[in-house]
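> Sequence:
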Amino acid sequence: EVISDKDKCGQCKGEKVVQEKKVLEVHVDKGMQHGQKIVFQGEADEA
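If you count the sequence shown from 1, position 6 lands on 6 in the UniProt record's numbering, and the numbers rise without skipping.
Quick caveat, the hints were computed from the structure, so don't treat them as lab data. Idealized CB from N, CA, C, for every residue including glycine. Warning: the hint list may mix true and false statements.
[Stated by the list, open to error] With a cut-off of at most 30 Å between alpha-carbon atoms, the simulated DSBU-like pairs for lysine-lysine come out as follows: (1) 37 - 13; (2) 30 - 8; (3) 16 - 30; (4) 37 - 21; (5) 37 - 16; (6) 6 - 21; (7) 8 - 21.
[To be verified] Label pairs and their computed distance ranges (CB to CB): (8) 35 - 2: 42 to 48 Å; (9) 10 - 45: 19 to 25 Å; (10) 4 - 36: 16 to 22 Å; (11) 12 - 39: 22 to 28 Å; (12) 16 - 36: 29 to 35 Å.
Full structure from sequences and hints, please.
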């Protein structure tokens with residue numbers, strides 16, 4: 001897909017992907033297993 005320069009987003013520059021760094025606070029419960037997954041509601045690696 002070709003996006004014209006006038007229609008390109010200033011943040012992603014037409015790549016349709018934005019890199020973002022975010023600090024998340026994690027609560028680790030006593031007795032959790034090594035490697036146990038912690039789900040962050042509302043967070044995803046893609047839209």
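> For which of the previously enumerated hints does the structure constitute a violation, in increasing order of number?
Hints 1, 2, 3 and 10 contradicted; others consistent.
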